[in-house]
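Enquirer: What follows is the residue order along each chain.
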Amino acid sequence: MDEASVISLEALKQGDRQEFARLVDLYAGQVYRLALKMLNDPLDAEDVLQNTFLKALQSIDTFEGRSSLSTWLYRIAANEALMLLRRQRSEVSLGDSSSDDDHDDEYTPREFTDWCCLPEEEFLTAESRQALDDAIQKLPEKLRIVFVLRDIEGLSIEETSRVLGLSEAAVKTRLLRARLHLRNTLSFYFRERVAERKS
Amino acid sequence: MSGQVRCQDLLASLSDYVDGVLDEALCREIEAHMAACPNCRVVVDTLRKTIYLYHQMSKEPATLPSVVQERLYRMLHLDDYRKL
Ligand SMILES: [Zn+2]
Chain A
0 MDEASVISLE
10 ALKQGDRQEF
20 ARLVDLYAGQ
30 VYRLALKMLN
40 DPLDAEDVLQ
50 NTFLKALQSI
60 DTFEGRSSLS
70 TWLYRIAANE
80 ALMLLRRQRS
90 EVSLGDSSSD
100 DDHDDEYTPR
110 EFTDWCCLPE
120 EEFLTAESRQ
130 ALDDAIQKLP
140 EKLRIVFVLR
150 DIEGLSIEET
160 SRVLGLSEAA
170 VKTRLLRARL
180 HLRNTLSFYF
190 RERVAERKS
Chain B
0 MSGQVRCQDL
10 LASLSDYVDG
20 VLDEALCREI
30 EAHMAACPNC
40 RVVVDTLRKT
50 IYLYHQMSKE
60 PATLPSVVQE
70 RLYRMLHLDD
80 YRKL
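These protein sequences, in sequence, are chains A and B. Mapping of the first sequence onto numbering that gives the first Met the number 0: position 135 corresponds to residue 134, and the numbering continues sequentially without gaps. Mapping of the second sequence onto numbering that gives the first Met the number 0: position 19 corresponds to residue 18, and the numbering continues sequentially without gaps.
Just chain B, same shape as in the assembly (with noise of 0.2 Å):
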């Protein structure tokens, strides 16, 4: 890809470039669309936002319902080794 990225191109960058893995010269080519296009500037975004909100809800500890937990234990015979 040389020249100008359109926004189809853009689009099958759009992971790499928000994960932070695309090689340079193809950022600065979607950084100076971007610039140019501002539908683009939203989607490339919001994208991030989109990642970043379900990011904090995996921040969140899996921890199991008590009596999820037990139930397991129970079917797994493994009640004697369960931590309090």
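If we strip away everything but chain A, and leave its shape as in the complex, we get (with noise of 0.2 Å):
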């Protein structure tokens, strides 16, 4: 998105509030989004959405226009997003740190079945789609959080490198140990929709 010709950072920097009614108009949305995918849980997605732009607007001074406008916001919403999953996480689970290990073989392929060519309006009713939110929060957050840039908001690798402070190697590493985790978990789900088909 051309954000340059839409907000004024120099506006924003002067406190403009019209501005940055502006900004909110522009961004909330896809940081509601972002977060909604991250905690699965609307109050929670609601307060990293209030907290993004609230300290959006209490550092808009020290924001120096390095990255763009929407990767400033996006790296705050993650860093809020992932804080606030690390403190359910150790108000929950006390010492359990299981949830967030690397298992190998969540991403080495374990299902065959073809499962591309089920009719269409398959993949498109409630229960498919439930499948396909369950599936997310089932990756560890590291992961999580970069199909979420990269995969549903659309960020390029780079640009979810500067997001979350990753070398592209990084990105790329996780992205490709997310798409195989919730292939195998699609895989699971779609196979048993095959099965009923041919039944």
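What the hints contain is simulated information worked out from the structure, not anything from laboratory work. Cβ atoms here follow ideal geometry from the backbone N, Cα and C, with glycine treated the same way. It cannot be assumed that every hint is accurate.
Distance windows between CB atoms, simulated [claimed, not checked]:
#1 B:Gly19 <-> A:Asp15: 40 to 50 Å
#2 B:Arg73 <-> A:Ala194: 42 to 52 Å
#3 A:Phe111 <-> B:Met56: 21 to 31 Å
#4 B:Asp8 <-> A:Gly14: 49 to 59 Å
#5 A:Ala194 <-> B:Glu69: 15 to 25 Å
#6 A:Met82 <-> B:Ala31: 38 to 48 Å
#7 A:Ser166 <-> B:His54: 22 to 32 Å
#8 B:Asp78 <-> A:Thr124: 19 to 29 Å
Put the complex together from the two separate chains, hints included.
Expert: See the structure below:
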């Protein structure tokens, strides 16, 4: 998006409320979706949304404009979401670090049913959409954030690496793992749909 | 990598392959391997489909529920600037 023509950084830094409202209008939807995909809970997502723009408002002075405004907002939002997840985890499971461990067998393909040929309406049912959302929640957080930024929000590898402060190689590795992990999860789900149709 | 691509090697290049950014020589090796290895062909096809399904999800407009928008604007003291 050509945000330069829409949002004036100069005006934002001078405390122009109208301009800040335009920034909110432009990006609140994307920030909310990111948070919702990361947290799977509307109230938590709203917390992240509000904190993101609050922090943006507080720190616009120190924003140097080296990255785009959207990259900057995504970075704040990603950090807020990851912080909330970490806080929840330490409350729920003291000492249990298994949720973020890398298990190689999650990425190695184990299911080889070809479910691509299911009729299109099969992928549009509420149940299938729920399966897609659930599959994202099964991803370790470090992979989930990369997948959400790259494949759902549509950022490039380069933008994703800037948002997360990771090398492009690290982003690519995590993206591959996330995609393979999701493919496994969805394959187990859609395998059943293929079986139902055959019976 | 020369000669035959094994299933494991193919896995490592898969993201680049489905994103269309893998160099041509490697693409040809992968395609040759898939022609001989039905499992890898299925993995590639279903991986593509997986990514496609999530892309579809992202095409739906990212809009805020109106109550969420209202609370956000109120919290930021932007009520006066809210578009109807
Ligand atoms: Zn193979």
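Enquirer: Evaluate each hint against the coordinates.
Expert: Hint by hint, here is what the structure shows:
no.: 1; hint: B:Gly19 <-> A:Asp15: 40 to 50 Å; in the structure: holds (42 Å)
no.: 2; hint: B:Arg73 <-> A:Ala194: 42 to 52 Å; in the structure: holds (51 Å)
no.: 3; hint: A:Phe111 <-> B:Met56: 21 to 31 Å; in the structure: holds (25 Å)
no.: 4; hint: B:Asp8 <-> A:Gly14: 49 to 59 Å; in the structure: holds (56 Å)
no.: 5; hint: A:Ala194 <-> B:Glu69: 15 to 25 Å; in the structure: violated (46 Å)
no.: 6; hint: A:Met82 <-> B:Ala31: 38 to 48 Å; in the structure: holds (47 Å)
no.: 7; hint: A:Ser166 <-> B:His54: 22 to 32 Å; in the structure: holds (25 Å)
no.: 8; hint: B:Asp78 <-> A:Thr124: 19 to 29 Å; in the structure: violated (40 Å)
Checked against the numbered hints given earlier, this structure breaks hints 5 and 8; the rest are met.
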